[in-house]
Amino acid sequence: MGLNDKAPPQIVGASPGLLGEGTPAFFTSKLDFLVNWARRNSLWPNPLGTACCGIEMMAAFASDYDLARFGMERMSFSPRQADVLVCAGRVTYKFAPVLRRIWDQMTQPKWCISMGACASTGGVFDVYSMVQGIDTIIPVDVYIPGCPPRPEALIYALMMVQEKIKQESLDQHAILRAEDPAAVAKPRADEEEIGDLSGPFGNSTEQNRVSGLERTDVISRPGDRLP
Amino acid sequence: MADERSGFDAVVEGPKPSYQGELSPVQVQSPGEVHESVEALRDLFGEAVLRHDVVANGQHIVFVPPERNLEILTWLRDDPEQQYDLLRDVTAVDYGGGQPLQVVYQLFSFFHKNALCVKCELPLDDLEIESVVSLWKAANWLEREVYDLFGITFKNHPDLRRILMPPDYAEGHPLRKDFPLRGRFSRAEQTRRALSQDLDHYYFDAEIERGGEPQELPPVAKTGEEAPE
Chain C
250 MGLNDKAPPQ IVGASPGLLG EGTPAFFTSK LDFLVNWARR NSLWPNPLGT ACCGIEMMAA
310 FASDYDLARF GMERMSFSPR QADVLVCAGR VTYKFAPVLR RIWDQMTQPK WCISMGACAS
370 TGGVFDVYSM VQGIDTIIPV DVYIPGCPPR PEALIYALMM VQEKIKQESL DQHAILRAED
430 PAAVAKPRAD EEEIGDLSGP FGNSTEQNRV SGLERTDVIS RPGDRLP
Chain S
30 MADERSGFDA VVEGPKPSYQ GELSPVQVQS PGEVHESVEA LRDLFGEAVL RHDVVANGQH
90 IVFVPPERNL EILTWLRDDP EQQYDLLRDV TAVDYGGGQP LQVVYQLFSF FHKNALCVKC
150 ELPLDDLEIE SVVSLWKAAN WLEREVYDLF GITFKNHPDL RRILMPPDYA EGHPLRKDFP
210 LRGRFSRAEQ TRRALSQDLD HYYFDAEIER GGEPQELPPV AKTGEEAPE
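Going line by line, the protein sequences match chains C and S.
Sequence positions in the first sequence follow our numbering and run 250 to 476.
Sequence positions in the second sequence follow our numbering and run 30 to 258.
Worth flagging that the hints you see were computed from the coordinates, not collected in a lab.
Heads up, a few of these hints could be off.
Some, not all, of what chain C presents toward chain S, calculated at C-beta under 8 Å [stated by the list, open to error]: (1) 310; (2) 312; (3) 314; (4) 318; (5) 345; (6) 346; (7) 434; (8) 443.
Glycine included, each C-beta is placed from N, C-alpha and C at the ideal position.
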């Protein structure tokens, strides 16, 4: 009974062929297709839930939405074994070097999903302590809008990563996967690009939307600037 | 609707000045209420009780001079009639407009089921006050937080350094009213400084090296070898 009752495949003698009698016993494919197929169906996500987006991410990994359908049943809590970094939630400047180090520790090939408004742009936290989009620190493949995005949105983003993997080719590997050791722990975006992020309300160093640095007679205390 | 305001109106009108009044903007309710501890403080310390406010739901606030905070808080903790053995919180308030900063001690007595809020006003040019870690160990991290975010120095604190902001944070103390919302440096400079932080300052080795090199197993002693004595 069961599976073992089936006759074992004929290996010695006349081969029946893959699709029946008289068909070839092999098939041809591209190596790219095989490699990409294997990669996109065994993506191991490194969950980096720092805020409420993390809750939606947990829901996406739980049984209702069941990301295991897409080959992601193993959450990789070590960056060494992870393929895709899911940055879910806001990132502070204090946490920025940690995020950068996690990304540097991941092995190639690797992808990154920026989940939610805060991770993608800073969101409502346009303040002194918050990174205005993690793409100033690490390269991002897919951005998810929402505050927080629903699990369906995360699943859609992971499927977009899969689509992206589908289009990769091994001969582009040197270009797509090139890593510059000098770029480790440096801002990814250049200064102008980061400066533009603090719009549309003007330069952060000159404006204070709460009490107004110029218009109140606050006492200037140069000692505040610690060396 | 003519009086309907949109979010952009505030942007067009520009920033508003901070509160400029004489006293801190606390709504004092029922000023006639008495608090046993405040009366006892008045009897014993007299002039040291600068002000007594009763605010929302009968919370009693007593203002004392900052140079006598340790003396008064020690008495509040040790006197058998008071016994404020729990320090719920140490924090500070900046009402802006050049007003003095207020250091707030939230006290509670388990024995008498009494709560009291003690405040000390510090002028902006002399932000120093005695630490109360010698009275309540709980004050250690709370005073570090007040130092980090308001720049108030606590004398005789065992370990006064930043706790929330990075240790090399150079933009000042963020919860002060004269601190710009987005910090003093440009975004690019903030990002550059953030990424040049030395993680070893505030993370354990084990936390950083979670994905590090695989560790080698300790050598296994061969069977038959004699163990060294």
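Hints, one by one, checked against the model:
no.	hint	verdict
1	310	20 Å, violated
2	312	27 Å, violated
3	314	27 Å, violated
4	318	27 Å, violated
5	345	4 Å, holds
6	346	5 Å, holds
7	434	5 Å, holds
8	443	4 Å, holds
Taken one by one, the earlier hints fail for this structure at numbers 1, 2, 3 and 4, listed in ascending order.
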